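We have chain A already, so just place chain B on it with the hints.
Residue numbers (the numbering used here), protein chains in the order written: chain A, 1 to 114; chain B, 1 to 114.
What the hints contain is simulated information worked out from the structure, not anything from laboratory work. Any given hint might turn out to be false.
[To be verified] One side only, chain A facing chain B, incomplete, derived with CB under 7 Å:
1. R43
2. L47
3. F68
4. K101
5. G105
6. I108
Every value quoted in this text rests on a predicted model; they were computed, and no experiment measured them. Think of the CB as a built atom: it goes at the ideal place given N, C-alpha and C, for glycine as much as any other residue.
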Amino acid sequence: AQTVTQSQPEMSVQEAETVTLSCTYDTSENNYYLFWYKQPPSRQMILVIRQEAYKQQNATENRFSVNFQKAAKSFSLKISDSQLGDTAMYFCAYSTGANSKLTFGKGITLSVRP
Amino acid sequence: ETGVTQTPRHLVMGMTNKKSLKCEQHLGHNAMYWYKQSAKKPLELMFVYNFKEQTENNSVPSRFSPECPNSSHLFLHLHTLQPEDSALYLCASSQGDRFNTEAFFGQGTRLTVV
Chain A
1 AQTVTQSQPE MSVQEAETVT LSCTYDTSEN NYYLFWYKQP PSRQMILVIR QEAYKQQNAT
61 ENRFSVNFQK AAKSFSLKIS DSQLGDTAMY FCAYSTGANS KLTFGKGITL SVRP
Chain B
1 ETGVTQTPRH LVMGMTNKKS LKCEQHLGHN AMYWYKQSAK KPLELMFVYN FKEQTENNSV
61 PSRFSPECPN SSHLFLHLHT LQPEDSALYL CASSQGDRFN TEAFFGQGTR LTVV
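If we strip away everything but chain A, and leave its shape as in the complex, we get (with noise of 0.2 Å):
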């Protein structure tokens, strides 16, 4: 079976700083997608960035850039110039593509101080 794991339960950091949140999977398959997701207090799970497994390239998203080590099995986010928009629950999740269905980690609690 997959598993997520978010080891971190909550982090801070100041505004404008960078921040980094982890995120390890285990797996069998060789063809996967990770995900991140953002809820902020309004509860919408948002989807911040998608990493597709046979892509060695990192993904980015304006701000939000990802650090995928396949061997390591380790998905970290890197949030650049935080902002106070920034402040929310994060969810690293993976799928496999069947019917698209997603196992989540714990989440970690995110906070931008001002």
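Then chain B, alone, in the frame of chain A:
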């Protein structure tokens, strides 16, 4: 606005009540999901529907009964729930037949069982 609407946003029910959660998506997707989000636990997949057919039941107790009358609507019928069923219930949809599709989530229903 992600196109997935859940009602009600909040629900308080007694253990002997019967209630239903509703989810509607306007994205033309053919897969819909119910997830349960409890405090300090990863999101748990409950049910998956593809083209109105249930393709996964993740060992969910029978007091939760899903219904998918068409690809745009998904219900979760609740009866004789327990206090430990109190949680945020999230509905999601996706294209379902593409490997790299993302899931779009509703804002969830906060359920409290008293």
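Tested hints:
1. R43: With a minimum Cβ separation of about 5 Å from chain B (threshold 7 Å), the hint on R43 of chain A holds.
2. L47: holds (5 Å)
3. F68: violated (15 Å)
4. K101: Because about 6 Å separates K101 of chain A from the closest Cβ in chain B, which is inside the 7 Å limit, the hint holds.
5. G105: holds (6 Å)
6. I108: Status violated, d = 12 Å.
Comparing the model with each numbered hint stated earlier shows that hints 3, 6 do not hold.
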